[in-house]
Amino acid sequence: MLRLGLVVDNAAKQKALAQLVAQAGHKVGLCLLIGGETRPATDSELDAWLVDIAEENQGGQLLDSLFAQSRIPVILSDSSEFNAGSQEHSDWLRRTSMRLQRLRGDINLQQSTPASELWILAASTGGPAAVKRFLAELPGDLGVAFLYVQHIDAQQAVTLNRMMSNAGHYPAMVATQGLVLAANSLTLITAKDPVELLDNGTLMVNYGQHWKGSYAPAIDQVAANAARIFRARCNMIIFTGMGDDGAASCRLIKQVGGKVWVQSPDDCTSDSMPVAALATGCVSLIGTPEYLAKALVNSRH
Numbered sequence: 001m002l003r004l005g006l007v008v009d010n011a012a013k014q015k016a017l018a019q020l021v022a023q024a025g026h027k028v029g030l031c032l033l034i035g036g037e038t039r040p041a042t043d044s045e046l047d048a049w050l051v052d053i054a055e056e057n058q059g060g061q062l063l064d065s066l067f068a069q070s071r072i073p074v075i076l077s078d079s080s081e082f083n084a085g086s087q088e089h090s091d092w093l094r095r096t097s098m099r100l101q102r103l104r105g106d107i108n109l110q111q112s113t114p115a116s117e118l119w120i121l122a123a124s125t126g127g128p129a130a131v132k133r134f135l136a137e138l139p140g141d142l143g144v145a146f147l148y149v150q151h152i153d154a155q156q157a158v159t160l161n162r163m164m165s166n167a168g169h170y171p172a173m174v175a176t177q178g179l180v181l182a183a184n185s186l187t188l189i190t191a192k193d194p195v196e197l198l199d200n201g202t203l204m205v206n207y208g209q210h211w212k213g214s215y216a217p218a219i220d221q222v223a224a225n226a227a228r229i230f231r232a233r234c235n236m237i238i239f240t241g242m243g244d245d246g247a248a249s250c251r252l253i254k255q256v257g258g259k260v261w262v263q264s265p266d267d268c269t270s271d272s273m274p275v276a277a278l279a280t281g282c283v284s285l286i287g288t289p290e291y292l293a294k295a296l297v298n299s300r301h
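Using the UniProt record's numbering, the first residue of the sequence shown is number 1, and each one after it goes up by one.
One or more of the hints may lead you astray.
Computed list of lysine to any residue pairs in SDA-like fashion (alpha-carbon distance at most 25 Å, straight line) [to be verified]: (1) K132 x P265; (2) K259 x H210; (3) K294 x A136; (4) K132 x S77.
Because the hints were derived from the structure by calculation, they are not lab data.
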């Protein structure tokens, strides 16, 4: 959650931005009204300033002080030309929300570094048990990030998170806004909200929206996105599951230089996903979850 300082030149802007900040899951820590500020614009308890003032007010002393002294990001804009409730104003609010989402990731990047290698763990029916077997065989210092995409009801996310956290050396985290895919991390993507990977290696969660296509979460969507960002450093293991989600992205991951492995079909609760992946001709290793875990350890040495 970001703690934001607002600088506005009228009460209507203050209300609109405060609502936007709250809807994005952040908090207003300070609000200053141009011409009526009664306290200095200090940023010791803030993560960023969100400024929305008319162009004629942008040369004031308060802004000069912000730009000269602030050690945190300042997002400057002017919504004065848009009528509240209009499509143009809604579009401006959406763009501002996107800037806040990216800012959360940028701030997180100052505290941690994206992993040099990403492994997508993809599964459906029977997946939690298979992935748990896989994680149980891994040491805690492989230096890679795991992104676990599991077809599962959104209501079961808490149970899945607890199960994976107890599986091995990697405490599980459900994907959140701005999360960095750091080394030795395990991030869960569930059906609740679509998730995108940004160019800087952080996650953007599209709260309140829906996954496109037949699957939620969509393995192919996540894997294609990850392959574009991580290129040859993006790899995928397809575990047990019904359907063919993940098969289409096998070709893309191989094309950019990544590895595609699958759980042995005869070891699966449902072999549809591994069989669909094998049919692409892009799979380089087949085995039990334990065998694949040992192969991953050996590949890191």
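*Return the numbers of the hints above that this structure violates; sort them in rising order.*
Numbers 2 and 4 - these are the hints that the structure violates, sorted from lowest upward.
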